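Novice: Residue numbering for the sequence shown follows this note's numbering, beginning at 1 and increasing consecutively.
Each computed BS3-like pair below joins lysine-lysine, with the alpha-carbon atoms no more than 27 Å apart:
#1 Lys205 with Lys244
#2 Lys150 with Lys163
#3 Lys94 with Lys71
#4 Lys163 with Lys200
#5 Lys178 with Lys205
#6 Lys244 with Lys188
None of these hints come from the bench; they were simulated from the model. Remember, it's a predicted structure, so these values are computed and weren't measured experimentally.
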Amino acid sequence: MNSRVKNLLFWVVVGLFMILLFNLFTVPSHQPEEEIIFSDFMTHLERGEISKVIIKDNHISAILKDGTRVKTYAVEYPDLVKVLRERNVQIEAKPPDENPWYITFLVTWGPFILFLGLWFFLMRQMQIGGNRALSFGKSRARLLTEDKKKVTFSDVAGVEEAKEEVVEIIEFLKDPQKFQKLGGRIPKGVLIVGPPGTGKTLLAKAIAGEAGVPFFSISGSDFVEMFVGVGASRVRDLFEQGKKHA
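Work out the full structure: start from the sequences and follow the hints.
Specialist: In structure tokens form, the structure reads like this:
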């Protein structure tokens, strides 16, 4: 799993845990209320056993004189407050329950935050991927220049005959005008053949290092794709890069 996704999940869990703690510590700690029917509530009221009532919407919570807490659902009873005042019962009215602030925040801003986060995630993925969708047909060749570690013939051992054959190529690369004035034609390329691991790529790097010219390295498998035309496009792009650094 990506480290960014892990960090996001971690902070989501932390946020949910903090909300849980907030709810636990903000819930009032009091004696649990016994739910009774409305007729029993009126019986307690007529007997003068109620000291205080809390009215919230159609729900009534009552505290009896012995400390017992009861609750009931109030039917339509317009004279209830009048009767309570006649019985000298303390009355407290509360507004209906509202959604917690975080629920309101999530409902209001949640979709916008989700869309914004998704947009940033997609943009980040495009940057990390190096805009692969737009560079699908580009060459994947690696450029070796003089700024990097230079490879010369002294780094190549065991292929003395091959080195002798390419010495003339180095002279062509160093001073092509010299040969062109004499009517010579610069070779368009050199084919180095041999089993894997025999130093073909190293020899090619040494030729570029001795001549002081840039060297592009690319694997043959990079030209093979399931989509038609991608390999040819990469070949053309490779030659374009070579011309720019010539």
